[in-house]
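Each protein sequence line maps, in turn, to chains A and B. Here our numbering is used: the first residue of the first sequence is 1, the next is one more, and so on. Here our numbering is used: the first residue of the second sequence is 1, the next is one more, and so on.
Don't take each hint at face value.
What the hints assert, rightly or not - Here's a subset of chain B near chain A, in silico, CB distances under 8 Å, partners left out:
(1) G28
(2) L45
(3) G109
To be clear, the hints were calculated from the coordinates, so they are not data collected in a lab. We put the beta carbon where it would ideally sit given N, CA and C, even for glycine.
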Amino acid sequence: RKEVEQDPGPFNVPEGATVAFNCTYSNSASQSFFWYRQDCRKEPKLLMSVYSSGNEDGRFTAQLNRASQYISLLIRDSKLSDSATYLCVVNRDDKIIFGKGTRLHILP
Amino acid sequence: ETGVTQTPRHLVMGMTNKKSLKCEQHLGHNAMYWYKQSAKKPLELMFVYSLEERVENNSVPSRFSPECPNSSHLFLHLHTLQPEDSALYLCASSQSGGLFRRPGAAFFGQGTRLTVV
């Protein structure tokens with residue numbers, strides 16, 4: 001079983017819609033959790049950290065459920081510029097593991 | 001822009017060549033990483049250095065040899081590579097966790113796009 005699992009998609013969503021991504025992790029000793037965004041042929045960039053108390057940044061909301069080992073990302077009022085691959089990431093003792101990513105296409 | 005710089009950005013090398021990739025971080029972090037990303041594949045963690053000690057070697061072939069002379073610099077020495085080693089090689093840095101602090105997020109350089117011919 002992979003340490004971080006995500007639905008690869010693609011998700012094809014009309015502009016303005018709300019889209020939700022989910023991710024599960026297998027190692028309960030994981031300490032920190034993040035969502036990254038990666039555009040084609042570019043390096044991954046940190047989108048936001050994820051906490052059990054939830055974290056909101058504008059149109060983006062992330063949530064961690066430690067009991068279920070489940071991480072979510074919600075994007076509201078999606079924009080064309082949100083089209084990218086979204087990567088779920090865990091850090092356990094400085095071993096930073098990336099999921100395979102979920103591809104999102106926002107349709108005009 | 002991100003505080004992590006990699007050189008060169010592009011590299012073409014023959015299978016008998018020896019080359020090195022360089023990474024430098026200006027973020028004051030104490031952990032550094034090499035990742036490999038092949039076309040349409042996820043990031044694969046290759047090596048982790050924390051406080052200048054290698055803490056992870058993810059079953060990487062010996063033709064890849066990392067070096068971390070200090071917390072700001074990381075090298076990846078390449079020799080006798082194979083065509084299947086062609087990929088984007090990404091360096092990242094982060095702040096290690098501590099007794100009262102969770103480990104931080106990774107910040108990436110722009111990568112070296114390597115082609116082995």
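Hints, one by one, checked against the model:
Taking 8 Å as the C-beta cut-off, the interface hint given for G28 (chain B) is violated, the closest approach to chain A being about 15 Å. The beta carbon of L45 (chain B) comes within 6 Å of a beta carbon in chain A, closer than 8 Å, and the hint placing it at the interface holds. At about 7 Å, the closest approach between the beta carbon of G109 (chain B) and any beta carbon in chain A falls short of 8 Å, and the interface hint on this residue holds.
Hint violations for this structure: number 1 only, all remaining hints satisfied.
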